[in-house]
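Engineer: Going down the list, the protein sequences come from chains P and E. Residues in the first sequence are numbered consecutively from 1, following our numbering. Residues in the second sequence are numbered consecutively from 1, following our numbering.
If you are wondering where the hints come from, they were derived from the structure by calculation, not from laboratory data. Hints are not guaranteed to be accurate.
[Claimed, not checked] Heads up, simulated EDC-like pairs for lysine to aspartate or glutamate below, C-alpha to C-alpha not over 20 Å straight-line:
1) P:LYS308 <-> E:GLU98
2) P:LYS308 <-> P:ASP186
3) E:LYS77 <-> P:GLU187
4) P:LYS110 <-> E:GLU98
5) E:LYS36 <-> E:GLU222
6) E:LYS77 <-> P:GLU123
[To be verified] Far from chain P, some chain E residues (derived; all Cβ distances over 10 Å):
7) GLY21
8) TYR144
9) ASN173
For glycine and all other residues, C-beta sits at the position ideal for the given N, C-alpha and C.
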Amino acid sequence: MARREHTRNLVLLVVVALALALVPHGVSIYVRSFLLFTMMYVVLALSWNIISGFTGYTSFGHVAFYGVGAYACAILVADYQWHWLASLGAGAVVAAVMAVAIGYPVLRLKGPYFAIAMLGAAEGTRVIATVWDSLTHGGLGISLPSADTSMPAHYAMLALMLATIVVAYTVGHSRFGIRLNAIREDEGAAEALGIDATRYKLAAFTLSAIFPAVAGGIQAYKVLYIDPPSVFFVQITIAMALMSMLGGKGTVVGPIAGAVLLYTAQELTWVNFPTAHLIAYGLFIIIVARFMPRGLVGFAVDRGWIRKGMVH
Amino acid sequence: MGESPDDIALDVRDLRKAFGGVRAVDGCSFAVPRGKISGLIGPNGSGKTTTFNLLTGVAQADAGRVLYRGEDIAGLKPFQVFHRGITRTFQITRVFREMTVFENMLSVTGLNVPDHAARARAEELLDLVNLTRLRGEYGGRLSYGQQKLLEFARALMTDPDLILLDEPAAGVNRTLLQHLLDHIHRLQEQGKTVLIVEHDMNVIMNHCERIFVMDYGVKIAEGPPAEIQRDERVIEAYFGRRRQS
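Only chain E is shown next, with the shape it has when bound in the complex:
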């Protein structure tokens, strides 16, 4: 594994989290390459979302380290992780329903950003995702796809370096998905690092340069898409389990 810190955006080492007797994440390690789009996959219950929650401070790890820019960010609160340049979206959208689209955007701003700059940034991002004409509408009145776009745009308000996307394709039609993926690629072109948790194999295989596969709370495989598709452990994790259930 290339251990050069310049190539690695996020270095996850031996992360552990148990809920009662269930070891959701059980010594998981992986290194997210900088400036690339990576995918985190695994069967249901393999610990992907828990890992995401541990990376973003939503849940506190029992053990392990998450190194970001030379700092261990495991144990930080979500807002502290966010202010270090890491942002995320949620599996099920969490737009602020009784706030307008524009207010949703403005709620996510650095404290030191002047008002006019925050507004300009919000306008620009809304324009990017084609939500400008809905800026005065309540978040809760948007369609699911529009909420997904709003959440995506909202996560970019502070120009983060590392973007974690939790199932961006879930519940999104093909046209919109293509739209989202275009945006994700544009972010990568700007030098951002993207990590996607996703069930949609097309998205993962066609858009990620590196894939991490989790099962039973540990990483069982890692590599480029072509390699992962042939990996027997991966096939077993997915299809072996399905037969039993």
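Extracted from the complex, chain P is given alone in its bound form:
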């Protein structure tokens, strides 16, 4: 029963992957860029969801990992002549180390304290990137060697998105994921029932840091110029959170659907109502928060369209 569901989902993923692999050849640069951003937000929302949705630690600073990944790519490619794909791997490693270093103290905090501490960690990272001239070129930013990068970036982002979906799906449907949920629901009870919360939280946090770092690296390679304000932009964190919440945090479909819908809505409102798009965007969020507090997936579950729970 469960196996048939997994097979169906895998087939669905393969179809989407094939479509996204073929589409960029026949579309305008605008559409290609739109697809790249959509895939990127799927990666970001799903990653954020591992620590904040599955585990219940709402992070307001996940852009830190995205920014660090972007910087790792830009520095290694521009200053050290690395191959850009290798630099993505380096970015992932740096983000993982950073996640352990930040997570170990900060994951002791709960609720709003954790959220604020993460906001501080992200801002701190941005400041370091701004003042550490010798490494990051400070506020001047970094330019990468000019090249037509839009196709390779598209495929790299597609591969990253597929990897993120597979990992998030596997975690969500595993006993590891269930234990993360238990920590979210009642950390004290979870520990009393044999779950080493510190280790699990750190693992979830690190996992949730790796994919945004790679996404940041791909994005840097795509746009060929980064500076601290653009890659440590608070709004990127907010987008991750909102997309997950709109779709339904703590699920796998939720953040994917939320990222696609919200990013599309943002593009449409921006194109059609250039002055009013932020208002429209805000209204949209208020409506969702008011009428679907547990997101689209929660809405569907409450009506019996989707079964409760992830493991059956």
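Dock chain E against chain P, hints included.
Structural biologist: Then chain E, alone, in the frame of chain P:
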């Protein structure tokens, strides 16, 4: 006191815990007999739940030892205590509310247990407490009694040796209580050790072989139910205090 380690499941020695100036547990010692159902009673605020928390690592003792299988487990973290074969339930149920009944069960499994074995165990225990038909329902949607049963079943997922039950009878109707007590006796028949904290004297007097009575953070009496019922210190602890309040 029979000091033979074979007869004792849990040996608590001179346990102490203060919260600021309040000495909640103040040099408490008792030995929980192996393979039996024991009760821990005492008036409100006598230190029962704190003792439970110290035994399970939820709170850290200031001093004292808790010997389990020859090892001092005082100071261990809750999950470490759990993996040594000691499990507990809570006074107020703590089921995972936004997880299904089945997920609640699966969250409590040994890391080395293969998936199919964990699932089989979960099914078996849910069947035992008659919750199979609710396996796909959220924990938070269950009635209080059902949550109590779920918590009880969940605590048994890893087949523990020592089971600590914090007020199993609280808020539970008579039929369900009888049900729970039957399960508890079945566990004892399987050779498990059970320690119950309970206010319901009927439960304690009729189902425990040995009773420890606490007052002001220390053990004031210990013995079989008939003896405890006649013990003057116990009567005084319960009724003397009540007059003052």
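Engineer: Each hint: holds or not?
Structural biologist: Structure-based check of each hint:
{"no.": "1", "hint": "P:LYS308 <-> E:GLU98", "result": "holds, 9 Å"}
{"no.": "2", "hint": "P:LYS308 <-> P:ASP186", "result": "holds, 19 Å"}
{"no.": "3", "hint": "E:LYS77 <-> P:GLU187", "result": "holds, 13 Å"}
{"no.": "4", "hint": "P:LYS110 <-> E:GLU98", "result": "holds, 18 Å"}
{"no.": "5", "hint": "E:LYS36 <-> E:GLU222", "result": "holds, 15 Å"}
{"no.": "6", "hint": "E:LYS77 <-> P:GLU123", "result": "violated, 34 Å"}
{"no.": "7", "hint": "GLY21", "result": "holds, 25 Å"}
{"no.": "8", "hint": "TYR144", "result": "holds, 16 Å"}
{"no.": "9", "hint": "ASN173", "result": "holds, 24 Å"}
Of the numbered hints given earlier, the model fails hint 6 alone.
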